[in-house]
Amino acid sequence: MAHEAEHHHKETFITKYIFSQDHKMIAKQYLITGLIMGFIGIAMSLLFRMQLAWPGEASPVFKALLGKWAPDGVMDADIYLALVTIHGTIMVFFVLTAGLSGTFSNLLIPLQIGARDMASGFLNMVSYWLFFLSCAIMLASLFVEAGPAAAGWTVYPPLSALPQAQPGSGLGMTLWLVSMAIFIASSLLGSLNYIVTVLNLRTKGMTMTRLPLTIWAFFVTAIIGVVSFPVLLSAALLLLMDRSFGTSFFLSDIFIQGEVLHYQGGSPVLYEHLFWFLGHPEVYIVLLPALGITSEVMSTNARKPIFGYRAMIASILGIAFLSTIVWGHHMFISGMNPFLGSVFTFTTLLIAIPSAVKAFNYITTLWKGNLQLNPAMLFSIGLVSTFITGGLTGIILGDSTLDINVHDTYFVVAHFHLVMGISALYGLFAGVYHWFPKMFQGRMMNKNLGYIHFWVTAVASYGVFFPMHFVGMAGVPRRYYQNTAFPMFDELTDVQILMTVFALIAAAAQLVFVYNFIYSIFYGKKGSLNPWNSNTLEWTAPQKHIHGNWPGAIPEVHRWSYDYSKTYEDGSYIIEGQDFVPQNIPLQPNEEELNH
Amino acid sequence: MTTPLILAVLALVAIAVWQLAKIFELSQLSRGKKSDSTIADDEDNNYNGYLLFAFLVFIYGITIFSFSKYGKMVLSIPASEHGVDYDRLMWISFAIIFFVQTITQFLLHYFGYKYRGAKGKKALFYADNDKLELIWTIIPVITLAALILYGLYSWTNIMDINDEGDPLVVELYAQQFNWTARYGGEDNVLGDASTRLIDIDKANVLGLDESDPNAIDDIIVKELHLPVGRKVNFYMRSQDVLHSAYMPHFRAQMNCVPGMVTQFSFTPTMTTEEMRLQPEIIDKVKRTNKIRAERAAAGEENSDPWQFDYVLLCNKICGKSHYNMQMKIIVESEKDFQNWIDSQKTFSETVIAVP
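Residue numbers (the numbering used here), protein chains in the order written: chain B, 1 to 596; chain W, 1 to 355.
No lab work stands behind these hints, which were simulated from the structure alone. Because the structure is a prediction, the values reported are computed rather than measured. Any given hint could turn out to be false.
[As the list claims (entries may be wrong)] Here are the simulated lysine-lysine pairs, DSS-like style, with alpha carbons at most 25 Å apart: (1) B:K544 x B:K438; (2) W:K290 x B:K63; (3) W:K69 x W:K286; (4) W:K231 x W:K335; (5) W:K328 x W:K222; (6) B:K526 x B:K16; (7) W:K72 x W:K290; (8) B:K525 x B:K28; (9) B:K526 x B:K544; (10) B:K28 x B:K438; (11) W:K121 x B:K368; (12) B:K544 x B:K16; (13) W:K119 x B:K368; (14) B:K526 x B:K438; (15) B:K204 x B:K526; (16) W:K290 x W:K69; (17) B:K526 x B:K28; (18) B:K368 x W:K69; (19) B:K525 x W:K119; (20) W:K114 x B:K368; (21) B:K526 x W:K119; (22) W:K222 x W:K345; (23) B:K68 x W:K320; (24) B:K368 x W:K122.
[Said to hold, decoys possible] Among chain W residues calculated to face chain B with C-beta under 8 Å, some are: (25) V228; (26) M260; (27) W306.
Glycine is no exception: its CB is placed at the ideal position from the N, C-alpha and C atoms.
Kindly produce the complete structure, drawing on both the sequences and the hints.
Here it is in structure tokens:
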């Protein structure tokens, strides 16, 4: 303990809890900020789901929460679009990018590779505070006079560029763009840090092929982020210029509200290309960390090595590479050359191959396991389930021909909510349940509340998003304030009500999680140092957080992280009475290193 | 009236869940000596294993339920030539999806149930099998290759927009929040147009070039009429923001982009009248009108009986009234179409001459 004191310089409340440069504290800051944003995003979805189920009906909830945007308690059409827009933005960027990747990359990269901290603690701190600033600006935009951005989370110009086109395209949109620009800066600082840390600070013996798959996922995610986020930044800046300085990057030949605007020569299609160059890799930025967490949680709780370790790495890399050349599948009917559509169909359907490999490998990991069905494990299994259900319909949407008639319908909404929304959220929950003791000084969450949380969420999310496919196949477009203008959609009202009721139930289940989370931080039962009997290095670090992670020397690594239930030829475990061999245990006499 | 009630109930449910969670938690704590409240034991593995199996049944159940209850609501009978091909590819894809979905979900949840943990149980150290992995790489490769080839073949056919077979030329013109259609008139050629030439005072709302002889006989209308069996080449324009011309019954959609002209083409195969006589459509109208009759009985608005019509919707978020940006489409016999179009005024007849 004397050693520990040496490493500690004097900490005030501010350096410890606010401007902390310690990766574990920053991870918690990311998590809590992400969760708060998540609950705002989910609450917004409940508001517009209620409008969809009971279109045009007055409600005191609307009146209370939306104020002037709900005259007489009836939701206004402009605020409906704003809610949809901000819900999407918050969930994709603030919750599933920063909240998921920010939390677990920060927490796990140094701990699992055996490093004292991130390569640059200062940049790491700056990264979080930029994220915080962008959250604050995004939330502030909700309160501007003309309302927040309302052009959909993709904010396609000209709708997003012209205040004449909708009220949300005024100051609200400017704040949206500023917030996103800061968010991107934050994400880039974080990603660069993750990449440098993984490449340079691995402990002795931790070769790239001994890294846990979590680290591989975070590492590759960071690379995708560095490659694609700057392109969104340029799109955002060019859009800002079109809006504020009269340039014509994305605008041309516009006649609106009785006048011809001066814009000439730009194209909204260019914006779509720039946006989706990030926008599509973004879904993998969201999903890969969740899959990484699943690999780790599933292997640990199955008491088995992850099946096909190298194939898993190959498929992560394959997905990462392909993800940067498939963006055009969002634009089959944007007016771009149909030949380009053929190319993107080809690359898009290719990405199903590494995805299928991953799904099959997860299933095989369960086979003949000794499954410890902890809440984290259930969320991981749930992730694979929604990943399959949601991913399969990608075969339809990725096919340019079939996309024609389901493009921008609820079929798309159902697809991406299952495959990336729900799946990534499950990854987030799995991570929180699993690494909670690592984050909060050994305290653990209550498993029974975890079970309630999982089962209600699992049933309700299928209840929301499975029937939604049918709404899409009936031709109902997304982003409609209400479907009452088309009698052909009348009979779908029942489905809308069903989905909304399930959405409300799912949201209620999250309260159980909130309770469990907050209660456990303060009163959770303290578990053992390595509660899940896991092999990875983070469980060798003391429960109490110290700067530098390990009080003494950093542990050395002698094997990969998946030696679960490994036996000698005679069937006896490598370490007697224990079905796992942590990475820091040297090879035993007569033991062969099986690193697949 | 029902909304506040439902909301109140849900708020109470939420509070109840919170309270139950608390009680549950406390009761666990008091029994804490017996079993640990944080890590799954054999009992947890057991009942969660059974629940995983039950969840599999739930997934199958909700699939069957959705198909039987909502299957009939999806777009039926395609009304265009390529629509038949489109639907075939769609159902092939669905067949593959359901096959894979049924099997993989079974394996996932069944393994979750079958291999649920127990004290003393030994997991199998099974880290790799090249043959297996090769199999489940190759099978998707072959399946996807087939789907890609079929898809690209259809796509190339659908998107090949040419002048063969004397197509009818129609412009679809989008603005917040309505549609306008323009026909080429006698010569079947659309006159030049630009947003810069729009002159509301002269009733030149689409910005046609008055000096272009092709524009003189153009016909501008608010209802889209199409002759059955004749190819239609659509040229789309937008004057303000992105819109999307979505004609779901024809399996047709294309964005309308300010600053450029986009294209789509299809051949309608069934008149509106014929479509109304299809059994699926008769059923749909019956179901819908039952709902609308109930609304009428309750004295609500938007409850007139409905008659089936093809429709053009906007399917790209375009602002406040996006949800109500539509135009009626009428497919009719060549003769009826000619009668209709002959009765329409040409651009030269509607444009107001400069005083």
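Each hint, compared with the structure:
1. B:K544 x B:K438: holds (9 Å)
2. W:K290 x B:K63: Violated, at roughly 32 Å.
3. W:K69 x W:K286: holds (16 Å)
4. W:K231 x W:K335: holds (15 Å)
5. W:K328 x W:K222: Holds - the C-alpha atoms of K222 (chain W) and K328 (chain W) are around 8 Å apart, at most 25 Å.
6. B:K526 x B:K16: holds (22 Å)
7. W:K72 x W:K290: With a Cα-Cα distance of about 16 Å, the restraint between K72 (chain W) and K290 (chain W) holds, given a limit of 25 Å.
8. B:K525 x B:K28: holds (19 Å)
9. B:K526 x B:K544: holds (11 Å)
10. B:K28 x B:K438: holds (11 Å)
11. W:K121 x B:K368: With a Cα-Cα distance of about 10 Å, the restraint between K121 (chain W) and K368 (chain B) holds, given a limit of 25 Å.
12. B:K544 x B:K16: holds (14 Å)
13. W:K119 x B:K368: Distance ~14 Å between K119 (chain W) and K368 (chain B) Cα, so the pair holds.
14. B:K526 x B:K438: holds (11 Å)
15. B:K204 x B:K526: Cα-Cα ~31 Å, so violated.
16. W:K290 x W:K69: holds (16 Å)
17. B:K526 x B:K28: holds (18 Å)
18. B:K368 x W:K69: violated (38 Å)
19. B:K525 x W:K119: With Cα atoms ~23 Å apart, K525 (chain B) and K119 (chain W) stay inside 25 Å; holds.
20. W:K114 x B:K368: holds (8 Å)
21. B:K526 x W:K119: With a Cα-Cα distance of about 22 Å, the restraint between K526 (chain B) and K119 (chain W) holds, given a limit of 25 Å.
22. W:K222 x W:K345: Holds, because 12 Å separates the two Cα atoms, which is no more than 25 Å.
23. B:K68 x W:K320: holds (16 Å)
24. B:K368 x W:K122: holds (9 Å)
25. V228: violated (20 Å)
26. M260: holds (6 Å)
27. W306: holds (4 Å)
Hint compliance for this structure: hints 2, 15, 18, 25 are not met, and every other hint is.
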